[in-house]
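> Just so you know, the sequences run in chain order A and B.
Count along the first sequence starting at 1, add 88, and that's the number in my numbering.
Count along the second sequence starting at 1, add 1437, and that's the number in my numbering.
Source of the hints: derived by calculation from the structure; they are not laboratory data.
Keep in mind that the hints are not guaranteed to be accurate.
As the list claims (entries may be wrong) - Pulled from the structure, derived: some chain B residues nowhere near chain A, Cβ distances all over 12 Å:
1) Asp1447
2) Arg1451
3) Arg1459
4) Arg1474
5) Thr1491
6) Phe1520
7) Ile1533
8) Ser1548
9) Asp1589
Unchecked claim - So the derived label-pair ranges between C-beta atoms look like this:
10) Val1511/B x Asp206/A: 23 to 31 Å
11) Glu196/A x Ala1455/B: 26 to 34 Å
12) Arg156/A x Arg1546/B: 24 to 32 Å
Cβ atoms here follow ideal geometry from the backbone N, Cα and C, with glycine treated the same way.
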Amino acid sequence: MSFINYSSREINCKIVYYGPGLCGKTTNLQYIYNKTNPDLKGKMISLATETERTLFFDFLPLALGQIRGFKTRFHLYTVPGQVFYDASRKLILKGVDGVVFVADSQVERMEANIESLDNLRQNLGEQGYDLDKISCVVQYNKRDLPNAADLDEMKRLLNPKAIPDFEACATLGKGVFETLKAVARGVLRDLKQMSR
Amino acid sequence: MHDTQLVMYDEDFRKILAVTQRLVKDANAKGVFVVDRNGQLISEAGEMRGIDTTSLASLTAGCIAATGGLAKIVGEEEFPVHFHQGQRDNLHITLIAGRIILVVVFDERSSLGLVRLRVKKAGSQLARVFEEIQKKSDQGRGAGTPFAEITDEDIDNLFSV
């Protein structure tokens, strides 16, 4: 749910990075944080366990620039990927405007990817959203690993409707900003549609 | 259907700010913050200039969301009032009308009793303002915003740098 503030001439949108445990959601945000001009970003918050697994969420506020005199701000969140944190994932999806589904390209994680995508669809549904209608992009992360699955196979399993998708290696930053730009673009287009 | 978009005009903002500023005085608070349940800061007042309000808003929303989840597990609808006691500063957090979060930061110059009392009044005033905002939104006053006019080029220009 975007927030348009005419008083401060700002628009705020919420983007959630979703995906199975250890797929690289936090790494995406860390890369964005490290590569963004300090004037355009706020503090990154990570609510993580002692072993640096996301416990509740990571949060990164980002300013993208102005559209028609309105400052556009995106609040990026990750969810905890581990299966047993489902209650937390549901909470973080509240008020979402756009979703990035980060898939782990390793062959042995394919089942976890499918399970997480099903979980995303179900949790969005519980919040009154439809995965097929909300702005969503898919990122195939860890493409650099030797055990990466065949890309066409991943597309068939995880992106049958051919929504925008990107290959990535989040540790090196490959595909990270392309993914972010695509989801942000989708969210702004939705906003345009809603305003009509 | 999920939450509708929150559109706040200058007149709404001024009303909210007036309630926020009055609460700072009435409750002897260090700072008062109004936050949307989804983690967006709406208004702030008090002497706490310079703190990271974006993070404050996001974490407050996370806190309310987590305890709301806990409430449902034990069979409650919500835990609408939270109090966090620190060594110097304390936080009083109230969920208003199920949608807006009112955060009051106070120290030894005030007391929990006073804050509770003042928050009650301010909370009902804020609830009325947000009810009006919701009505406007339901009547479609949000339609025809500048965003109806944005072009794909405008959007692409954001990413051209």
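> Take the hints in turn and mark each one as holding or not.
Do the hints match the structure? See the list:
Residue-level check failed: Asp1447/B sits 5 Å from the nearest beta carbon of chain A, not beyond 12 Å. The non-interface label for Arg1451/B is inconsistent with chain A: the shortest C-beta to C-beta separation is roughly 8 Å, within 12 Å. The non-interface label for Arg1459/B is consistent with chain A: the shortest C-beta to C-beta separation is roughly 18 Å, beyond 12 Å. Not every CB of chain A lies more than 12 Å from the CB of Arg1474/B, the least distance being 7 Å, so the non-interface label is violated.
Listed as a non-interface residue, Thr1491/B fails to keep its Cβ farther than 12 Å from every Cβ of chain A; the least gap is roughly 5 Å. At roughly 21 Å from the closest C-beta of chain A, the C-beta of Phe1520/B stays outside 12 Å, upholding its exclusion from the interface. Even its closest Cβ contact with chain A, about 16 Å, leaves Ile1533/B beyond 12 Å, as expected for a residue assigned away from the interface. Residue-level check passed: Ser1548/B sits 30 Å from the nearest beta carbon of chain A, beyond 12 Å.
A cut-off of 12 Å between C-beta atoms contradicts the statement that Asp1589/B is not in contact with chain A; the least separation is 8 Å. With their beta carbons about 28 Å apart, Val1511/B and Asp206/A fall inside the hinted range of 23 to 31 Å. At about 59 Å, the CB distance of Glu196/A to Ala1455/B disagrees with the hint of 26 to 34 Å. Remark: the range hint 24 to 32 Å for Arg156/A to Arg1546/B is contradicted by a beta-carbon distance near 44 Å.
In this structure, the hints that do not hold are numbers 1, 2, 4, 5, 9, 11 and 12, in rising order.
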